[in-house]
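Peer 1: Please arrange chain B on chain A, whose structure you already have, making use of the hints.
Chains A and B supply the protein sequences, listed in that same order.
For what it's worth, this note's numbering labels the leading residue of the first sequence as 1, then goes sequentially.
For what it's worth, this note's numbering labels the leading residue of the second sequence as 1, then goes sequentially.
One should not assume that every hint holds.
In this list, chains with the same sequence are indistinguishable; a pair is considered to hold if it fits within one copy or across any two.
[To be verified] With a cut-off of at most 25 Å between alpha-carbon atoms, the simulated DSS-like pairs for lysine-lysine come out as follows: (1) K84 with K308; (2) K207 with K19; (3) K460 with K404; (4) K253 with K421; (5) K370 with K460; (6) K37 with K19.
It should be emphasised that the hints constitute simulated quantities derived from the structure, not laboratory data.
On a predicted model such as this, the values are computed, not experimentally measured, just so you know.
There are 2 protein chains.
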Amino acid sequence: MAQKKMVEAITSMNEDFTKWYTDIVKKAELVDYSSVKGCMVLRPYGYAIWENIQRILDNQFKETGHENVAMPMFIPESLLQKEKDHVEGFAPEVAWVTYGGSEKLQERLCVRPTSETLFCEHYAHVINSYRDLPKLYNQWCSVVRWEKNTRPFLRNTEFWWQEGHTMHETAQEAVEETERMLNIYADFCEKQLAIPVIKGKKTDKEKFAGAEATYSIEAMMHDGKALQSATSHYFGDGFARAFDITFTGRDNKLAYPHQTSWGISTRIIGAIIMTHGDDNGLVLPPAIAPVQVVIIPIAQHKEGVLEKAAELRDQLKKAGFRVKLDDSDNTPGWKFAEYEMKGVPLRLEIGPKDIENGQCVLVRRDNREKAFVSLDQLESELPKQLQAVHNGLYQRALNNRTEKTYTAQTFEELKQIADEKNGFIEAMWCGDVACEEKLKEEAGVTSRNMPFEQREISDKCVCCGKPAKKMVIWGKAY
Amino acid sequence: MAQKKMVEAITSMNEDFTKWYTDIVKKAELVDYSSVKGCMVLRPYGYAIWENIQRILDNQFKETGHENVAMPMFIPESLLQKEKDHVEGFAPEVAWVTYGGSEKLQERLCVRPTSETLFCEHYAHVINSYRDLPKLYNQWCSVVRWEKNTRPFLRNTEFWWQEGHTMHETAQEAVEETERMLNIYADFCEKQLAIPVIKGKKTDKEKFAGAEATYSIEAMMHDGKALQSATSHYFGDGFARAFDITFTGRDNKLAYPHQTSWGISTRIIGAIIMTHGDDNGLVLPPAIAPVQVVIIPIAQHKEGVLEKAAELRDQLKKAGFRVKLDDSDNTPGWKFAEYEMKGVPLRLEIGPKDIENGQCVLVRRDNREKAFVSLDQLESELPKQLQAVHNGLYQRALNNRTEKTYTAQTFEELKQIADEKNGFIEAMWCGDVACEEKLKEEAGVTSRNMPFEQREISDKCVCCGKPAKKMVIWGKAY
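Chain A extracted, bound-state conformation (with noise of 0.2 Å):
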């Protein structure tokens, strides 16, 4: 029988790491092209990754007391102009409709490119008491946002995301909130996806557009550039004056309530495939990955494994496994490197030898290992083993981030550093906007965040020698 296809090896990330990357998100089957720039199809295996993320947070999201609404995907222009930091940064790249059907509308309307305006618009109707507080919404859905250069995951016309956003009756409560769903990215990130992240305050220079502080955890990709991979923001009472949303409160006397907003997007497959993935394809933590378990039958014409196998995975779905059988006709090498390249965190091998002996071969993703495992303990082997990939890959990317994070004193090294390689650069800051922008023109780097766990470097600002408030990591960043 002949194959399928055969599976093309995929440009090294060694040579060229943009190349790398864009080749597994085609050859692993994540994502089409679709003819409208910077759209891209989900397909189902990329889909399913999403999913596993979705699932995971939302009932993370649920069991914190928080609620899923659906908000309409067009903002009035008028609507989004209400808040004037917010729409100064969002207003140059949102999708305008203009027209419906064949009529001229009065007012253009904006494809979402975030919901802030459409949720103060709801609140000022909902919120009247301090009893309706707080108000904890989430919704999951697509946002526009008109880029110039796009790619895959990273930066997209139209993405998917969950955008929180709440509403609370102190200032205090929705800084406590801000803080407890950067908490929620932070593990998410860490012990589903093995990806290890620092959580840090924004400058003010990148936060986002109305809030009053951003929080981010930053990621370190195999190649050492930053990615962000998810935000939180305290807004203060600034939307809810300028959209007018007041409550009674406990005196009896009208105020004001506080805000925030958080999200992570389909961004984070980017930081997946970027952090745990290698020559051989993708490499996903068990925890999200749509097959977890590939068997794979070795001589399956003899009699006895085909079934064999069947059984394995009828039993291992049973047990709660997300698991396939390739039973096509492709040779076990062909397969071996289909599923390498998708990932798979284990590869099971069934054959007539390994069925005599009562066993089966297990092989983790990340490092090839090879154990021989008896069928009657493979239940209880196999979450051993997918946590072991998952504790590989963690590991392996902090030793990535530990290898390339530097520390510089002067601008001087913090240049010679930035020209030389990609990392995170450990260097103390006064807090002057001006030093921030000439690190990011003759440095090429910019501030990722002012981490929550501080070190004092020094007590002078890298850029300007004045006394130093915070130490920034910097770096270039996807």
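Peer 2: Relative to the frame of chain A, chain B by itself:
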């Protein structure tokens, strides 16, 4: 303590069915209006109903081999125009994006009113051989149709739905898929939503733009009007030809695949309201009710009542029921009215006397029947009571449909029925679109569908008297 608000009475359904409907939508907190006409906000309670619908159907789609994907929301005008009938049907009612940021687009993009064209563009990329078939895809998203007259759930500019899009090697397989999905929808409506439906084929006049055949399920609302609850379309290879989608067949020759699409939308929530609701508010079928059992403590200030109520809540939650305890300081009477408005299927009352007797009171939402249930047997009694509510709702809806289904032999007879009342009118049809148009213009009824279960009421067309081909259900529709 003051009540948080009075539960206001709603308009009686017999007095003004339309007003009754919008009262429920608002007072049960399903929907809020946004400032874009016809675009609604799905509030937490409304969205939770949709999430339950999604969960059940998504499982059924996956069990029948379908995979979820996500397509872009934009369709370039040239892509929409590829299939002639399709563009004629949809172009008049789409929203057009003409600007990205401050730049005018070279080609305008419509916001998807449905995604056949997008799926076809993708299928052309990924279908090469019979080995790539079938493709069984689905997506959950919102779509936009520029409607003049809008009503929450029933007719919206933007609404949420799922759209399945499949491609098959043979026409027969595609037809079977069309029927399979129609059956899934019908079963879902009857077994989960307690809404009896009539399965049938649409006339050519009423079929989907670009389809060879459209099948529908039609439900009757409390007022006797019809609501098309889901549709399933067979396209033949028309789109495949227009989009140049070919595959190498088993005979090594190029062929066009055969296509289907099928969908159900948030409209079905309108059907739930208008099938089951009453003058006290919403009545929800247990399978999709966000809260299946609401626990209302009686004399909750007395020692042990709130503790026992909380204990029951935890116990029932753990047993898998969707349960809510209202321990607010509103009176029991207020709470009864509130959760009747919200359509919660079962109310569980527990007070000091009940605790003493080791029992509680269960009250059904559909008929207010009361039962005293021993706390020991609560867990096993609840599923029976929920099933009883379901059965009660189904039977009442079926009775309503039976009462309001008429037959007509002549045009005069049909017109008289249509003038005097709403309902389904079974009458024979010759198959001529001229008769269909006359019935619409002069009797104000449209063809709902041609039921699979045909009866021969007469051998003559109700309109022109020529030989009849099919029995058609005629009626006024939402």
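Peer 1: What are the numbers of the hints that this structure violates, sorted from low to high?
Peer 2: 1, 2, 4 and 5
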